[in-house]
Amino acid sequence: MIEKREPYSLVFGVSVFDICGFTDRNYRCNDSNPGKVKTSFGGVCRNIAECMARVGVNTKFISILGDDEAGNRMVEHSKVMNYDMSESLIIRGGHTPTYMAILDEQGEMVSAVVDMKIIDMFTTEFIDSKADIIKNSEYMILDSDRPDIVEYIIKTFSEDTKFILDPVSAAKAKTVKHLIKYFHTVKPNRYEAEIMCGFKIHNDEDLRKAGKYFIDLGIENVFITLDEDGIYYNNGSDEGKIKANDVKVVNVTGAGDSFVAGIANGYMKSTNIVDTVKYAIAMSTITISTEETIHPDMSQDLVQKYVNEIDWTEEKYSK
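If you read the sequence shown in the numbering used here, its first letter stands for residue 1231, the second for the next number, and so on.
Please keep in mind that the hints were generated in silico from the structure rather than gathered at the bench. Since we're looking at a predicted model, the values are computed, not measured. Glycine is no exception: its CB is placed at the ideal position from the N, C-alpha and C atoms. Hints may contain errors.
As the list claims (entries may be wrong) - Think about it this way: if two alpha-carbon atoms lie no more than 20 Å apart in a straight line, the pair counts; the simulated PhoX-like pairs of lysine-lysine are:
| id | residue 1 | residue 2 |
| --- | --- | --- |
| 1 | Lys-1478 | Lys-1439 |
| 2 | Lys-1478 | Lys-1442 |
| 3 | Lys-1546 | Lys-1473 |
What the hints assert, rightly or not - Restraint ranges, calculated between C-beta atoms of paired labels, are given here:
| id | residue 1 | residue 2 | range |
| --- | --- | --- | --- |
| 4 | Glu-1306 | Asp-1345 | 48 to 58 Å |
| 5 | Thr-1483 | Ser-1262 | 43 to 53 Å |
| 6 | Lys-1411 | Ser-1500 | 22 to 32 Å |
| 7 | Asn-1502 | Val-1343 | 42 to 52 Å |
| 8 | Leu-1456 | Lys-1499 | 38 to 48 Å |
| 9 | Glu-1236 | Asn-1433 | 17 to 27 Å |
| 10 | Asp-1476 | Asp-1261 | 40 to 50 Å |
| 11 | Val-1310 | Asn-1433 | 26 to 36 Å |
| 12 | Asp-1261 | Glu-1545 | 14 to 24 Å |
| 13 | Lys-1546 | Asp-1297 | 24 to 34 Å |
| 14 | Arg-1255 | Ser-1467 | 52 to 62 Å |
| 15 | Val-1310 | Glu-1236 | 44 to 54 Å |
| 16 | Asp-1457 | Asp-1362 | 14 to 24 Å |
| 17 | Ser-1500 | Val-1267 | 39 to 49 Å |
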């Protein structure tokens, strides 16, 4: 008897243990500052995986962790949030990626230390050991932290699954620019899109030119995030912009991660592109309404409530 597998999406990337110190007043260099310290679990791909799980997407997440307290806590947290990290690479004696920042009384970062050395231990041999997990995924979400590994994955498994790219930053977008034709979906912001297209995006004409550039490469779905101007989308037949009005902004951190999770949700549920974008925007809107990177109440019901209640502005372009 053949075992029937439940369809899943796969996320591949880094998990980060975040430590942030917030000073109460008058930050002083070279001194101990009264304030508060918060810790949280982060990393673009880890955030995406958690957001996907929170809205009911069957999610597997391959990451790299040390066998330290932070790594162990992340694995336990993933079980609570219901995404599967069991295929991750655990490095004995390794340090889980950690980001430590100090912010002054205005919320501006004055110093930070990042320990990401462990991600160099991702190897092509490790990727090969996860071949079945990759091949059996409906979609695989990648960022550009390790462009050499991204290149190996998409060229090795291009016939087996569909790849979704979150470039993460304009600087990192440069490192994967030559690979974007292999992706089913790309989700750059305006500046990342400019890097990958090779021209500036000043207006709607430029925006549509960028969308056509990606579609002509063979990419099936393009989503360009435009901050307060909304989202541009193009799948070769449907093209337009969607914006949520009167949005409360507390902290924009994590907005892009939740948007990607919303895209994955739409794909797994075979939703049309407009409804997929609205759902993804709703997830981002929920995210930026709180100080947390992931809203503690993020769920299918909450997102659908936002979809129904948001005042939408929609613009469709004719071909």
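Going through the hints against the structure:
A hinted pair counts as satisfied when its Cα atoms are at most 20 Å apart, and Lys-1478 with Lys-1439 does not qualify at roughly 31 Å. Only pairs whose Cα atoms come within 20 Å are accepted, and Lys-1478 paired with Lys-1442 is rejected, the gap being roughly 32 Å. At most 20 Å may separate the alpha-carbon atoms for a hinted pair to count; Lys-1546 and Lys-1473 meet this at roughly 12 Å. Roughly 21 Å separates the CB atoms of Glu-1306 and Asp-1345, a value that falls outside the hinted 48 to 58 Å.
Against the hinted window of 43 to 53 Å, the Cβ-Cβ separation of Thr-1483 and Ser-1262 comes to about 26 Å, which falls outside the hint. About 25 Å separates the C-beta atoms of Lys-1411 and Ser-1500, a value consistent with the hinted range of 22 to 32 Å. For Asn-1502 and Val-1343, the hinted distance range of 42 to 52 Å is satisfied, since their beta carbons lie about 45 Å from each other. Look at Leu-1456 against Lys-1499: about 25 Å separates their beta carbons, and that is not inside 38 to 48 Å.
Separation of Glu-1236 from Asn-1433 is about 45 Å and departs from the stated range, judged on CB atoms against 17 to 27 Å. Checked against the hint of 40 to 50 Å, the pair Asp-1476 and Asp-1261 passes, with Cβ atoms roughly 43 Å apart. Here the CB-CB span from Val-1310 to Asn-1433 is close to 46 Å, at odds with the stated 26 to 36 Å. A beta carbon spacing of about 53 Å between Asp-1261 and Glu-1545 contradicts the range 14 to 24 Å that was offered as a hint.
Distance hint check for Lys-1546 and Asp-1297: the Cβ-Cβ separation is about 52 Å, which falls outside the suggested range of 24 to 34 Å. The given range of 52 to 62 Å is respected by Arg-1255 and Ser-1467, whose C-beta atoms sit roughly 56 Å from each other. In this structure the hint that Val-1310 and Glu-1236 lie 44 to 54 Å apart at CB is violated, the actual value being about 20 Å. Checked against the hint of 14 to 24 Å, the pair Asp-1457 and Asp-1362 fails, with Cβ atoms roughly 40 Å apart.
The hinted window of 39 to 49 Å between Ser-1500 and Val-1267 holds, with their beta carbons roughly 44 Å apart.
The earlier numbered hints that this structure contradicts are 1, 2, 4, 5, 8, 9, 11, 12, 13, 15 and 16.
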